[in-house]
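Trainee: Sequence:
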Amino acid sequence: MELKKSNRSLKMIFTQYFATVSLAFIALLCLVWLAFVISLKTNLVIPANQTEQKLQRLEDKIEKADTFQANRLPKDTTYLLITKDGKIKESNMSKKLQKQALASYSGKAVNSADYGYFMVFKRQKEVCIVNYRLEAHYSVAWMNKYLPNVTMLLLILTGLGVLFVFTLVTILFARRLQRQLSPIIAATQKIAKQDLDFTVQSSDIKEFNQVLNSLDTMRAALRESLMYSWQVEQEKQNQIAALTHDIKTPLTVIKGNTELLKQTELSETQEAFVGYSLKNIGQVETYLQQLSYLAKNNQLQDFHPEKIIVAAFLEELSQNSQSLAATKGIKVQFSTDLSDAQLTAYWDKRLLARALMNIISNAVEHSPQDSQLQLVCHLEKELFHFTCLDSGQGFSREALDKAKMQFFQDDTSRHDHKHSGLGLTIADNIIRLHGGSLSLSNDAKTASGRVDVALPLAKM
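Mapping to the working numbering: the sequence shown position 156 is 164, numbers consecutive.
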């Protein structure tokens, strides 16, 4: 399906982003400048040269007045009034600033950055030295005390404004891109879940639509591939089931004739051959049962969980394991801490019993004659735990990784070639159907093989 074409590209969107940030920055500078102008108009901020200009306008009045009047000076200045011979008559300067004022009056250089500037007014019998600064400042005293100077405050406000504008515009454009990305995210999530029967939504961005077109092509191809694989698998399962059924008939005939042959007069060698034949016929029947299970292994209609009493299920499992282990003289230690006799679980009793017996059978096969087998059951965090610990040589490193795979046979430690390698595979599949897990390990103390099963009690 070809999605609708869009003229908008990522290049255009990023250009819009840059233009928006630039315009917002310019607007911010205008607002800061407007605020500065308003503060000047309202005399909240005093321009840098305003005090100097006021002093220049007051020069005649200060020099020609009969008496010196300090209140005529601007409020942001300090003064030093001295006689012609240099004696201090009156001042509101600090001692340190007075020394600098006298030094300036005598023609010495003074650091204006630290002490500001001085203006001298020569009266008839005295001299007035006024100190002032050429920098913008506030008309309110507490603002000069607690706030940064005007220039620094403007820089701080501009910096914060730029950060705010950049963050706001970025968030808005990010949300815009996220909305355009949502069809891609939705498509990938559905494909990951193998939900391939959906229609890919379109985006307003050209490059995103190209990705969506590719995803739609991949979805269609994957759907077709999965359908084909499913059909092939179904055909294979049907063929296995049919072949298994067809083999049973001649095998039954062979078994019947062999049993009849056994009832006739045979030599010792012939009896041995007939015994071998019957034994291997039984093994072939086991293989056919396992192949029949594998043919329908993934069909959930064969999985029928129901409410069962756990204690009764475990009692039956204990009896069956005792009978199985008795063939090799193995002693079974069956222990459980399930004190509630009415504890129930939603399990498929038939399938789960088969899975656990496969595990126990595997343990019996690999335990020495007249040894022991430990079976432990307990509850932990709403999970039923079953542990089977044999007395064998333990799993090899390869078996720990592959023992649950179909037809795996461990040639190095625990397996002979009389077995199909399906027991743990079947057990693992059944336990996973119940929402549980099966893990293999070697016991830390005995190094014997250990199988742990965890099963939920309730429906999944």
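One or more of the hints may lead you astray.
Said to hold, decoys possible - Taking CB as the label site, the calculated pair distances span:
# : residue 1 : residue 2 : range
1 : Pro376    : Phe311    : 32 to 38 angstroms
2 : Pro376    : Leu234    : 45 to 51 angstroms
3 : Lys72     : Leu163    : 20 to 26 angstroms
4 : Gln247    : Glu323    : 26 to 32 angstroms
5 : Ala280    : Leu351    : 37 to 43 angstroms
6 : Ala320    : Leu230    : 22 to 28 angstroms
7 : Thr196    : Thr294    : 31 to 37 angstroms
As the list claims (entries may be wrong) - DSS-like, lysine-lysine: derived pairs with alpha carbons at most 25 angstroms apart:
#  : residue 1 : residue 2
8  : Lys92     : Lys116
9  : Lys315    : Lys214
10 : Lys19     : Lys69
11 : Lys153    : Lys95
12 : Lys336    : Lys244
13 : Lys153    : Lys62
14 : Lys133    : Lys107
15 : Lys107    : Lys130
16 : Lys69     : Lys153
17 : Lys97     : Lys49
18 : Lys62     : Lys83
19 : Lys103    : Lys49
20 : Lys116    : Lys130
21 : Lys315    : Lys287
22 : Lys153    : Lys83
23 : Lys389    : Lys357
24 : Lys389    : Lys339
25 : Lys97     : Lys69
26 : Lys83     : Lys97
27 : Lys19     : Lys62
28 : Lys130    : Lys92
29 : Lys92     : Lys103
30 : Lys72     : Lys19
31 : Lys49     : Lys107
32 : Lys256    : Lys244
33 : Lys72     : Lys104
34 : Lys214    : Lys256
35 : Lys153    : Lys133
36 : Lys214    : Lys19
Simulated from the structure, these hints should not be mistaken for laboratory data.
From the three backbone atoms N, C-alpha and C, an ideal C-beta is built for every residue, glycine too.
Trainee: Against this structure, judge whether each hint is valid.
Mentor: Quick rundown of the hints versus the structure:
no., hint, verdict
1, Pro376 / Phe311: 32 to 38 angstroms, "holds (36 angstroms)"
2, Pro376 / Leu234: 45 to 51 angstroms, "holds (48 angstroms)"
3, Lys72 / Leu163: 20 to 26 angstroms, "violated (43 angstroms)"
4, Gln247 / Glu323: 26 to 32 angstroms, "violated (41 angstroms)"
5, Ala280 / Leu351: 37 to 43 angstroms, "violated (51 angstroms)"
6, Ala320 / Leu230: 22 to 28 angstroms, "violated (47 angstroms)"
7, Thr196 / Thr294: 31 to 37 angstroms, "violated (46 angstroms)"
8, Lys92 / Lys116, "holds (18 angstroms)"
9, Lys315 / Lys214, "violated (56 angstroms)"
10, Lys19 / Lys69, "violated (68 angstroms)"
11, Lys153 / Lys95, "violated (32 angstroms)"
12, Lys336 / Lys244, "violated (38 angstroms)"
13, Lys153 / Lys62, "holds (23 angstroms)"
14, Lys133 / Lys107, "holds (21 angstroms)"
15, Lys107 / Lys130, "holds (18 angstroms)"
16, Lys69 / Lys153, "violated (31 angstroms)"
17, Lys97 / Lys49, "violated (38 angstroms)"
18, Lys62 / Lys83, "holds (11 angstroms)"
19, Lys103 / Lys49, "violated (36 angstroms)"
20, Lys116 / Lys130, "holds (18 angstroms)"
21, Lys315 / Lys287, "violated (39 angstroms)"
22, Lys153 / Lys83, "holds (15 angstroms)"
23, Lys389 / Lys357, "holds (22 angstroms)"
24, Lys389 / Lys339, "violated (30 angstroms)"
25, Lys97 / Lys69, "holds (19 angstroms)"
26, Lys83 / Lys97, "holds (20 angstroms)"
27, Lys19 / Lys62, "violated (57 angstroms)"
28, Lys130 / Lys92, "holds (9 angstroms)"
29, Lys92 / Lys103, "holds (20 angstroms)"
30, Lys72 / Lys19, "violated (73 angstroms)"
31, Lys49 / Lys107, "violated (36 angstroms)"
32, Lys256 / Lys244, "holds (18 angstroms)"
33, Lys72 / Lys104, "violated (29 angstroms)"
34, Lys214 / Lys256, "violated (63 angstroms)"
35, Lys153 / Lys133, "violated (37 angstroms)"
36, Lys214 / Lys19, "holds (10 angstroms)"
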